[in-house]
Amino acid sequence: MNAVIVGCGKVGTELAKTLVNDGHDVTVIDNNEKALRQVAEEIDILPIFGNGADINTLKEADIRSKDIFIAVSPSDELNLLSCLIAEGAGDIKTIARVRNPLYSKETEFLKKKLGLSKIINPEQAAALEIFKLLQHPALTRIDSFAGGRVVIFNVRINGHRAAGKNLQQLKAATGCDVLVCAVQREDEVFIPSGDFVLQDEDEISIVCAMEEMKAFFKALDIKDRAAQSCLITGGGTIAHYLTDMLCKKDRQVRIVEIDERKCNQLSEVFPKAEVIHGDGTDKAFLIKQGLNRVEAFVPLTGIDEENIISATFAKNVSNAKVITKINRTDLNDVIDELQIDSVVFPKFICADIIAQYVRAQQNGMGGNVETLYRYLDNRIEILEFKAKDDHDIIDMPLSKLGARLKKDMIIACIIRGEQCIIPSGKDMIQENDSVIIVTMHRGIAALHDILA
Amino acid sequence: MDISIITYVIGVSLCIEGILMVVPILCAIAYGESIMPFVLTGLICFVIALPFTRKKPAAGALFSKEGYVATALTWIALAFTGMLPFLFSGSIQSVYDAVFETISGYTTTGASILTDVEALPKGVLMWRSFMHWIGGMGILVFMLALVPFTGGTQMNIMKAESPGPSISKLVPRASDSAKILYELYGALTVLTILVLLVLGMPLFDTLCITFGAAGTGGFSVLNTGCSTYTIPQQVVITVAMIAFGVNFNFYYLLLVKKNRDAFKMEEVRWYLLIILASILLIVIDLFAHGIYTSLPLAVNDAAFHVGSIITTTGYATKDLNDWPNLSQGILILLMFIGACAGSTGGGLKVSRVLLLFRAYKRELAIALHPNIVKRVHMDGKPVEESIIQNTGSYLFIYILIFVVSVLIVSLDGESWVTTFTAVAATYNNIGPGFDVVGTMGNYSSLSDLSKVVLSADMLIGRLEIFPIMLLFSKAVWKRF
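Those sequence lines, one after another, are chains E and D. Just so you know, we're using my numbering here: the first sequence kicks off at 1 and counts up by one. Just so you know, we're using my numbering here: the second sequence kicks off at 1001 and counts up by one.
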């Protein structure tokens, strides 16, 4: 597909990289020549210098022949305006990034009025991600499929009973119908087979039905009780969304923010939250705010380094679940080594959401991706498909199908109505099933792409 | 610097060169000549390339520095393997001469050390002309079109190999851009071949002459150059040469039906304007000196040589030493201006001349109003300041290398006209100069030292100075 991206900041760049790797042609518009040149030097894109809302610039980008238009410049208003103009110039799907909490209530209205295909709010998505992890502190990441009936989650093996067992033994020992679909050991990522032996410090991704998750944790003696209290440093947009979600669940929230004006605003909007005016990077101050007693600590300041330092500090002085937000996308290898629990990258989340949308749009070309997540440093893709007219695949026992699959690819789960099947060799995919695929390949856009 | 990616690029290019030996082999078979020189050359290319291409290097290592170095080294490697057919067939004995002839071929210069071209086997002549065609658009651009590279850094190769102050892609993907360029290049080449065949030119001459015109090279296959071809054939060659000197973005814009944008390209407009003005002046000059009496003939010859020189092709139908001073002067000036950026031609390029002229006009404005803020525009868009700076430095180093080359070649003791135009004609990838190295002469009488210097000039001129000069920079070879 032909995509146009307006804005080559961190999100725009990450997105361009994802789309180009997925095999799409990408044109990037930005009004900063230097940034544009830098991106063009790294990624195989066509750079166009100009303003994304300027019709001449859009014409130069040949907007008429493009399929999808994504506006991710820093300004919400410019994004909405450029989408509006792009639509006027040609028949094109438009996506705008809008992140101001003030507009978040109007999202549906704006989308409808302006004819947008999608409005993305990376900050809100990041807040949701953090919220989900606060619900399940034992995990480093969790996502759901099929309206929450099936989940995929990451857990680090840390001295519990899974270590030293192979996957079949693990299944027998827990008595749970779960599938370990990927393992990260130091720098390597595997898609394991049944005789793969787990070790301490492995990070494993597991697919299972929602109800199985609790039983699995019980069997392994992993405590996974939602955090009741939460300390947040930095009162930015993500903190805003997160506080909203936590307050609705009646959790205790304390936000430390250095800017008095922002403190006032937060306190106006969230009467239930405790807003503290102070320096969230000051260690003694954090202890005073109860860092050593709180159940969860979430550093959300605008400076990555500060967040990382506070997170490491928090790991040392308390048992709190720590979830760190990192803006820069190039640091993930380094951060893996620091072992600071969960890390949330809003930029990756945003790129994932759009990549998922773009693959779903390949429908005309036979694509039918329902959901897409990327796990373990983006090296594993987990996709959900709806099975339709894939005659090579439907009604064929998986034991037969298995030999024809691409390498490093497994069928992790089949969802049939209310039923959730972790498949074995005799199971088969039927029409209208949802199928969850775990793979190390890039750019799988349709179910039949899984065949070698 | 990442050596593995550089050796990989060189290896793949040598493989491509080996495969391209098919062209002269077919020709040799058709004329019943020995195919051994080409088969051997092909094998040698593969043997050298084998260890380089066995492992594909990790993605993303081709940064700007590696792009320049890979391009420069690839071209040098091609020069030393491309000369083998000349040596194996015994057509050229001296290695200096063979290197000169090969670099002249790949850089689309067309300067020759051969005194009797017609004595050479047809297969060798075909290889000689075919080198023009490959070198015109560039073998690395060809490689980009064929070989899938991962990561987005392929542009660094295209930038290093394609001529012009700033290279832009036609479409988002570098490999697709390279494909489109070669498709346009191939289509125009086939069109020229067909027209020349219809006009009755023999097949062998048609192919060689078209390859020379397409790459703006200029090796001819007859001792008399192009003078034995009929007037209509000469007209077609003129049009073809001028067409291949046009920025290929122009054809792409026409292809995607953006005619208005295409004809708005200032570089193309100025290029055509310079050609028309030069023809007009030369025709008047020729008439004033009574050299021609027939207007159509004068226009034909003037157009042929103006087209030949400004596109840096170097075909000739007349001995230009007989032409009056003004006409010769205009042609020497055209040697330096050269063709459009993004074409197959050499020289300074029309766009650089335009940019420099506009930068100069801006300096005048600044002298008048010291506080003025003024951007230089091209095609209605402001030009990045870094490009203007780069163009200024380019002009300086361009002149410096020219002067040094002239000084070294002057050791031969030839006339100043010979010395000056020999350097100008090789440095700008044209081919023939004036006097001894004129359209009906050749470079065989120059010393080996001069041949080495001129060979280097051809390479430096074709790759636009920086890639070759970077090889001599210590910083490039440091590990860190």
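Hints are computed from structural coordinates only; laboratory data are not their basis. Please note: incorrect hints may appear among the correct ones.
Unchecked claim - Restricting the straight-line Cα-Cα distance to at most 30 Å, the calculated cross-link-like pairs of lysine-lysine (DSSO-like) are: (1) E/K34 x D/K1055; (2) D/K1478 x E/K34; (3) E/K165 x E/K10; (4) E/K262 x E/K223; (5) D/K1374 x E/K59; (6) E/K34 x D/K1179; (7) D/K1258 x E/K10; (8) E/K388 x E/K118; (9) D/K1056 x E/K59; (10) E/K59 x D/K1065; (11) D/K1264 x E/K34; (12) D/K1055 x E/K406; (13) E/K406 x D/K1056; (14) D/K1056 x E/K407; (15) D/K1257 x E/K59; (16) D/K1179 x E/K59; (17) D/K1474 x E/K34; (18) E/K10 x E/K113; (19) E/K34 x D/K1258; (20) D/K1374 x E/K34.
Now for the hints, and whether the structure bears them out:
Distance restraint check for E/K34 and D/K1055: the Cα-Cα separation of roughly 35 Å exceeds the 30 Å cut-off, and the hinted pair is therefore not satisfied. Between the alpha carbons of D/K1478 and E/K34 the distance comes to roughly 27 Å, so the proposed pair stays at or under 30 Å and holds. Between E/K165 and E/K10 the alpha-carbon distance is near 41 Å, which puts this suggested pair outside the 30 Å criterion. With a CA separation close to 36 Å, the supplied pair E/K262 and E/K223 exceeds the 30 Å bound.
For the suggested pair D/K1374 and E/K59, the alpha carbons sit about 26 Å apart, so the restraint of at most 30 Å is met. Proposed proximity of E/K34 and D/K1179 is supported: the alpha carbons are some 28 Å apart, at most 30 Å. Restraint check for D/K1258 and E/K10: not satisfied, since their Cα atoms lie roughly 33 Å apart, outside the 30 Å limit. Pair hint E/K388 plus E/K118 holds up; C-alpha atoms about 25 Å apart against a cutoff of 30 Å.
This hinted pair does not check out: D/K1056 and E/K59 have alpha carbons roughly 39 Å apart, beyond 30 Å. Note on E/K59 and D/K1065: the hinted pairing is violated, with a Cα-Cα distance of about 34 Å set against a maximum of 30 Å. Distance hint between D/K1264 and E/K34 is fulfilled; the C-alpha atoms sit about 26 Å from each other, no more than 30 Å. The hinted pair formed by D/K1055 and E/K406 meets the criterion: a straight-line CA distance of about 23 Å does not exceed 30 Å.
About 22 Å separates the Cα atoms of E/K406 and D/K1056, which keeps this hinted pair within 30 Å; it holds. Pair hint D/K1056 plus E/K407 holds up; C-alpha atoms about 20 Å apart against a cutoff of 30 Å. Restraint check: the Cα-Cα separation between D/K1257 and E/K59 comes to about 13 Å, which is no more than 30 Å; the hinted pair holds. For the hint pairing D/K1179 with E/K59, the CA-to-CA distance comes to about 23 Å; that is within 30 Å, so the pair holds.
A distance of roughly 27 Å separates the Cα atoms of D/K1474 and E/K34; the hinted pair therefore holds under the 30 Å criterion. For a cut-off of 30 Å, the pair hint linking E/K10 to E/K113 stands: about 28 Å separates their Cα positions. About 28 Å separates the Cα atoms of E/K34 and D/K1258, which keeps this hinted pair within 30 Å; it holds. Under the criterion of a C-alpha separation no larger than 30 Å, the hint pairing D/K1374 with E/K34 is consistent with the structure, at around 19 Å.
In summary, the structure is inconsistent with hints 1, 3, 4, 7, 9, 10 from the numbered list given earlier, while agreeing with the others.
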